[in-house]
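Novice: Chains as they are written, first to last, in this note's numbering: chain A, 441 to 1059; chain B, 3 to 197.
None of these hints come from the bench; they were simulated from the model.
Quick caveat, the model's predicted, so the values are computed rather than measured.
The beta carbon of each residue, even a glycine, is placed where N, CA and C say it ideally should be.
Heads up, some of the hints might be wrong.
What the hints assert, rightly or not - Reference excerpt, derived from the structure (chain A facing chain B, CB under 7 Å, subset only): (1) Leu653; (2) Ile660; (3) Thr661; (4) Leu691; (5) Pro695; (6) Thr712; (7) Gly730.
To be verified - Chain B stretches covered by chain A per the calculated footprint, using a threshold of three residues with CB under 8 Å from any CB of chain A: (8) 28-36; (9) 121-128.
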Amino acid sequence: MAANLPTQSQVQGGAGVTEPGIAHDEHAHHDEHHEQSFLQKYIFSTDHKVIAKQFLITGILWAIIGGTLSSLFRLQLGWPESTFEWLSPFLGKWIEAGKLNPEFYLALVTMHGTIMVFFVLTAGLSGTFSNFLIPLQIGARDMASGFMNMLSYWFFFLSSVVMFASLFIETGPAAAGWTIYPPLSALPQAIPGSGAGQTLWLVSMALFIVSQLLGGVNYITTVINLRTQGMSMSKLPLTIWAFFLTAILGLLSFPVLFSAALLLIFDRSFGTSFFLSDIYIAGQALPNTGGSPILFQHLFWFLGHPEVYIVIMPAMGMVSEILATNARKPIFGYRAMIGSLLGISLLSFIVWAHHMFVTGMNPFLGSVFMFLTLIIAVPSAVKTFNWLATLWRGNIRFTTAMLFSIGFVSLFIAGGLTGIVLGNAALDIQMHNTYFVVAHFHLVMGSSAFFGLWAGVYHWFPKMFGRMMDEKLGYVHFWLTFLGVYLVFLPMHYVGIAGFPRRYYAWTGFDTFSQFADLNKFISAAAIIAFFAQFVFIFNFFYSIFRGRRATENPWNSTTLEWTTPVVPGHGNWPGAIPAVHRWPYDYSKPGAAEDFIPQHVPYSQTQSSNLPYEKEME
Amino acid sequence: MHPSEALNTKQPATGIHPLRFVLVLMMVSIFMIFAAYTSAYIVRRNEGNWLEFDLPFGFLVTTLILAASSVSVQWAWFAARKDELNQVRTALIVTTVLGTAFLVGQWQMWAQLVGQRIFFAGTDANPSGSFLYVLTGVHAFHLITGLIFLLIVLRKSFNYQVHSRQMLSIGNVTIYWHYLGALWLYLYLFLLLNH
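Extracted from the complex, chain A is given alone in its bound form (with noise of 0.2 Å):
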């Protein structure tokens, strides 16, 4: 028995080595200063703050290649006539006698979709605000685990530089679309695009879903174990709530991404028959039997719409936070907040069908789906008028971040609308082949998080570089892409309602649509000219970082725990001890206060003068 015992040397030895990665917070090692060689301080980086600018710059170079794609499909469905010879030194042999190659246009949507839901909104929006975020918010050194948040952002890197390899192979990337539907995703004879490309499209994917899992499963750990003393759940900013409540739609629905994509790997390369059945190509039957593709769509929108949570959920928890800092008012209904954010990500289980009222599926299934789908309007309005509600009567500053959140708030009001509407599978069946649900989806989910993103980085840029962003870029930025967001999808609408198809390369063999063919000139116009905008925030980004005014501790005057921290905060986040937290995270004007906002580790003690008759209890 004693033999078994280990030694005392050996006992220290086995209890001195940590747990790879786990944050500490002892406060002895924390004034140490360790030099970090190169390698370690900004590439292969365990610090939060660092993974977080990772994302943040490769989600932007992806936001310009995704931009770049969508313009080169404009300008054919804008000039349907026209030669691109000019584009043919970018394109190469994808302009074939000045005219572009229709697979490679269905390719460039499909990657557009791809890089922009993925790469841009799923990874470099909530990888870049939740690891940045999440620790400074709720007091932590760092993540649960910074070994598996470096590995998170490699395995993105890694993905990423598949996507990014697929765009140069010789039959092209992938040209599925981004929902990859089967059998056209599983066949290489029936397009180019479902050739290598698409192969390399699920490898890359599967490497992302392993990224979001080891990054999903950090934030829900940190946010659960390891918030400072104070931070109840009921003090979390709505940032947080969000960030929380994102990790777990991710944690739930990848996996399942995960399961179709392998069965259509199956599918495309093992001659199994998951998806495929009765298959006749160029005259040739498959011996494929007994598949179904519905089944793929069942799988796959079961992340699909999740997915569109995942990406607009971190943009209203950050909206929240910026409107009420820029109203210098406390979020309006805190509580309602956290509901409808619970609303949200529990219906956004049970409406996957209503992607699917076109494929035959039984109407009084339909009916179940579209019922739920209605439901998803009242949270969505909670927060709408949440968000109103903290505005109105505010004494708002007009901070370039201010005006992307309310530029969020518009566009989300304008493209959940016909969300309602779409939600109808009777009106959804007549629309859904339709510009009408490209409009919806762009305004509600895609320019809406994009907005998010931008509002995001313009309000914390100064405690991410210790440096401001430029207001006056920043002012010509915003209305540039306001208006131009509005131009491009406003119009789309339109032509969507007079039943302008969508996923066509040329409409024009058809006479019906050459009436619109003025509008199609005019949203391209207006898509190119938004997208070059976006170059004025490049620029004012990269600039600010090196060149910015400096910034203060807390330039925004803002109540939550990031802003008590150095101007650039170092590793570990706090130099002394971390602050415990005392009160909820909006006490904005709060009246009797000595100044506009008492930041959340302001005890009561200290605001005698301000504190409501159940608080002075707490003093």
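Given chain A's structure and the hints, the job is docking chain B onto it.
Specialist: Below, chain B alone, put in the same frame as chain A:
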């Protein structure tokens, strides 16, 4: 008040070690994969053109082997609590061997299924067979990750890093291994009821 004056007596809110929490979350996401496959199985089966066949009897044997390995991993945990380090090592080795035996058994079942002309892919394959291979194959993949985890903890036990005051890793591997066993039990019962 300067932030550094604030108290910092923070404890993890749940009393669960963050790494264990991470493990639980990962188990949830693994379950979602199988929830997707088993619901896809039911949906697909109800569409007809579904080849019915008997599950090989041997699956019962592999199930019992995996159940036995759950017992032995629990034995390792109890032994670690009592600082019986030799027993910990023995029990972990037994668990690893039983886990490997389970995988070999599953492989045998695949061979037997092919003998019955139940194929994963190809012109003679029916989705009912393909699904069986996917369910067992994806489970086997996760069992391999469990075996790797067992070997890591076994190595730690030889370095005296597993004992009554360091129960985190052995606790985690015990939870994960029981989970893989329960997952297999779910899949086996599911296949028995729905094949």
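Novice: None of the hints should be skipped; say for each whether it holds.
Specialist: Evaluated hints:
Taking 7 Å as the C-beta cut-off, the interface hint given for leucine 653 of chain A holds, the closest approach to chain B being about 6 Å. Given hint, isoleucine 660 of chain A at the interface with chain B, holds; its Cβ is 6 Å from that chain's nearest Cβ, closer than 7 Å. Hint status for threonine 661 of chain A relative to chain B: holds, with the closest Cβ pair at about 5 Å, below 7 Å. Against a cut-off of 7 Å between C-beta atoms, the interface hint on leucine 691 of chain A holds, since the closest Cβ of chain B lies about 5 Å away.
The interface hint given for proline 695 of chain A holds, since its Cβ lies 4 Å from the closest Cβ of chain B, which is under the 7 Å cut-off. A distance limit of 7 Å between C-beta atoms decides the matter here; for threonine 712 of chain A the minimum to chain B is near 4 Å, and the interface restraint holds. For glycine 730 of chain A, the shortest C-beta to C-beta distance to chain B is roughly 5 Å, which falls under 7 Å, so the interface hint holds. A stretch counts as covered by a chain when three or more of its residues have a beta carbon under 8 Å from one of that chain; for the segment 28-36 of chain B and chain A the count is 6, and the coverage holds.
Using a Cβ-Cβ cut-off of 8 Å, 6 residues of the segment 121-128 of chain B lie near chain A, which meets the minimum of three, so the contact claim holds.
When each numbered hint is compared with the structure, no violation occurs for any of them.
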